[in-house]
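Chains as they are written, first to last, in the working numbering: chain A, -11 to 387; chain B, 3 to 320; chain C, 6 to 261.
Take these hints with a grain of salt, some might be off.
As the list claims (entries may be wrong) - Derived DSSO-like pairs (lysine-lysine); straight-line CA-CA distance at most 30 Å:
#1 B:Lys175 / C:Lys162
#2 B:Lys254 / C:Lys162
#3 B:Lys175 / B:Lys68
#4 A:Lys212 / C:Lys162
#5 B:Lys68 / B:Lys106
#6 C:Lys162 / B:Lys311
#7 B:Lys254 / B:Lys175
Just so you know, these hints were derived from the structure itself, not from any lab.
This structure is a prediction, so every number in the text was calculated from the model and none was measured.
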Amino acid sequence: MSLMDALPTPRLRWEGRRPNGVLLSLSVVMLAAFWSLDAVSVAPNRIVAGTGYGALEAFGWPGVLLATLLLSAIGLFAWQPSTQHYRALLASLMALMALMPVGLIASSYLLIDPDLPQARLGLGAAYWVILFLLLLCLIEIRLRLKLSRLWPTLLLTAVALIWWLCAALWLDSLALVQEFRARDAQFVRAVGQHITLVSIAVSISVVVGMLLAMLMRRYSRLQKGAFALLNFLQTIPSLALFGLLLGPLAWLAAKVPFLAQLGVSGIGTAPALIALIAYSLLPMVRNTYIALEEVSPATLDAAKGMGMRSGQRFWQVRLPLALPVLLEGVRITTVQAIGLTAVAALIGAGGLGTFIFQGLGQAAMDMVLLGALPILMLALVVDAGLGALAEALRPGGIQ
Amino acid sequence: MIELAHVSKRFGNETAVDDMSLHVPKGKFCALVGTSGCGKSTTLRMINRLIEHSEGDIILDGQAIKEYDPVKLRRRIGYVIQHTGLFPHWSVVRNIGLVPRLLKWPAAEVQARVEELMNLLGLSVGEFGHKYPHQLSGGQAQRVGVARALAADPDILLMDEPFGALDPITREKLQDELARLQAKMHKTVVFVTHDMDEALKLADHLVVMRAGRIVQQGSPLALLQHPVDPFVESLLGGLERGLKQASLTRVKDHMTSMGQMLPAQSRIPADFSLRQALSMMLRDHCDRLTVVDQHDVPIGELSLRRIIKEAQLDKGSA
Amino acid sequence: MSNSLSAAPSRKQAPLWLWPLLWGALLLISVVAMAAAEPLFRWIEPDARQVIYARADFYVLLGRHLLVVGVAAVVTIVVGVLAGVLVTRQRGRDFLPLVGQLASLGQTFPPVAVLALAVPALGFGTLPIIVALVLYGLLPIVRNTLTGLQGVDSDIKTAAHAMGMTPIQILRQVELPLAAPVILAGVRTSVTINIATAALGATVGASNLGDPIIAGIVNGNMAYVVQGALTIALLALSVDSLFEILQRQLRSRLSS
């Protein structure tokens, strides 16, 4: 037993020679998706559903050959994985992601009739599937190369820049771009609103949550009741909580002019913020409480034995040790708030959710994407960023 | 009978067990001793194929273990580990009856066997039968562990530091019981431990390992008398080696018939160990003891001077 | 210990079943007799033409809600537990790190975004909300299955192996029963969250208990919102308290 544990390095080296089944199967699935699913779709205007085109029609022979080559390269490198091969894999992955918008440019030249300014190009199933699987490959390679979370985030940012560039300069016919062009000022404002709402809600709930957690540690009777209440709040659908705050706040605004001057009203930011904070409190309080509680009693005992006062013990021992778990709470809270803020659009709070619900209302799927994709990206970026921060704050990198 | 012939085990480039040859005759108790990481547990786990060996042959009852179906092989071999590995969601009775049930014994037979084993190990069926492992003390849990290993009456018993996690008093009690059981059942036992006293006390055959190789093997007494190198000597307790050797020798092997001198005041039973006799001499400030039989009748005497002289003779002849 | 064991059931059982019965009864009452509370809702919305949501009966909405959540739950449990089991086997071990990462990463996908992405692919109606619920609910189950299976003491697995149990016997008789409480906790989280999330289905044309809420927000009728929210909360509480009982019984079997 002890021996097996004592020999991690040779086992890894031995494992290194076996094919990486994950990347191998991902590569096969991607090839299958590339050849069998629609690469792009072309629609004559905004509402009509588009017709799908396969890879061959969309990219022509050279494009198909290049993509097939790169996709098979992933499988080939995965057959005999080593550090160099993983690096090569990373490179071909990046190449593929960077080439994807180029492929779109090609297909817009091949498929879009220049006489139809209304015609738009949509991403087909193959694009989505391959994009998703490439992200999985990236995660797998990151784990195998033991890179920190920051790396893939940086690489993806570079890829996103390339996409942005292509979209801005050459992809006028892409449906998403057209949707964006139609309301770019609105889009920027929505992103701003979204981020503002999330940041305000999270910062308030971080402060309130930590205070609550500390109060709970002091008064144990409070603990049960508070957790019960917070748990109950989570069972109410976010949709309903937003709705429920409409009435009382409208009433308050009508009765107390001072509040109305502050911007409190039945619809809009005020109920959204209150509901967001109410939802954010549970993960925040729970993680803070657990973080502070699970610091090893032996360590605290030692600190006490060394003659540290209770304040010193808290600030110098308990809090630093609890910080990574605490940050984990902030991460969960923020990511959750980003999603919930989208729902808040229903009560007129603005944000990216507006596009989702407007798009759903008009059956304009590209507009839905215009709202959903940035939300997804925002959540992933925040998740990676705060995750990396928590990793960095672990003293000595203790796992 | 267990036979290891030039067995090696490699994990990648690391050699855990290196060209090991060992013969454990039927009914004998073999102890593998060494510091942690010396390959003794790996050796044990190769015998029931929890780990597959890389080279050489392991032969059980004349047949290489690679020819057995591993699952059937394991059902024929009892296995006891340090932290018992009892299933926490099963009662004691169900835990002990595991292998017989795997072998599809009729329920009544399983029940009878479980009760027999519990009685054998001093666990009252009424009191412990329906308890769960976490309700047992360490010693009780390990008794259940031993009972589970013995349930299907295997010829071979593998024990991996079974008493390592117990307090000294419980450990000694369980060692005594294991010795008693072994005297009755004559299983072929391979026992891994880093506690030399435990090995000396229980084993017929002692194997000292270091860095995956056998440094020395032989009977406990042979090792005590002639350790091949300082490592074995230090494992055997260095300066205390004499006392350990004494604890393996019975008083009756060194006693002489009653001399002309007055019988000594202190009396010692003939089947006590020499170590206990020496201790008694120190306690009572004397160099002679009267040896008595089980009815307290004097049958001879033990003299310190004679013991030392015999030891000198032994050394001279060797 | 054994003493308290024999005495416990009769004393503890009563309050144990109390909560699910209470919540269940309240849910039933609210679904069948919402109209009886008209004066109350009239007080909330004195000016509205109508204060009881009447476009569909509440029990029909409840049924549809349960159907969506139930189908999603069955799919998530089967797929999630299976995935968790497969990647912890020798053959699937290659996939373990990736699936583990996905399980934590998946939580970052907001359900609204998932729903919004499912609609273009699947069209309006019940299917996209089921897909969104499955994707969103899968992750707590996979994560807890992994935690549960990996949490089984390696000594116990070694012992089971060494006693000559086959891998399937070890999985069924040792690993799954020991991991069951953790897996169940994951199922509980997943289902409870999904009951609330399913309400979003109303925005993509799936009719369920989210309908009154959306109608209330659109028409500015607080009473509708309260009715929808109340029913969903009661449903969530009933289901959650049922899980509590299940969990307690599992736990007591493991550590009584």
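To see whether the hints hold, each was checked on the structure:
Taking the CA atoms of lysine 175 of chain B and lysine 162 of chain C, the gap is about 28 Å. The hint holds against a cut of 30 Å. A C-alpha spacing of about 48 Å is found between lysine 254 of chain B and lysine 162 of chain C, which places the hinted pair above 30 Å, so the restraint is violated. Distance restraint check for lysine 175 of chain B and lysine 68 of chain B: the Cα-Cα separation of roughly 37 Å exceeds the 30 Å cut-off, and the hinted pair is therefore not satisfied. For the proposed pair lysine 212 of chain A and lysine 162 of chain C, the alpha carbon gap of about 37 Å is over 30 Å, so the pair is violated.
For the proposed pair lysine 68 of chain B and lysine 106 of chain B, the alpha carbon gap of about 24 Å is at most 30 Å, so the pair holds. The hinted pair formed by lysine 162 of chain C and lysine 311 of chain B fails the criterion: a straight-line CA distance of about 55 Å is larger than 30 Å. With a C-alpha separation of about 25 Å, the suggested pair lysine 254 of chain B and lysine 175 of chain B falls inside the 30 Å cut-off, and the hint holds.
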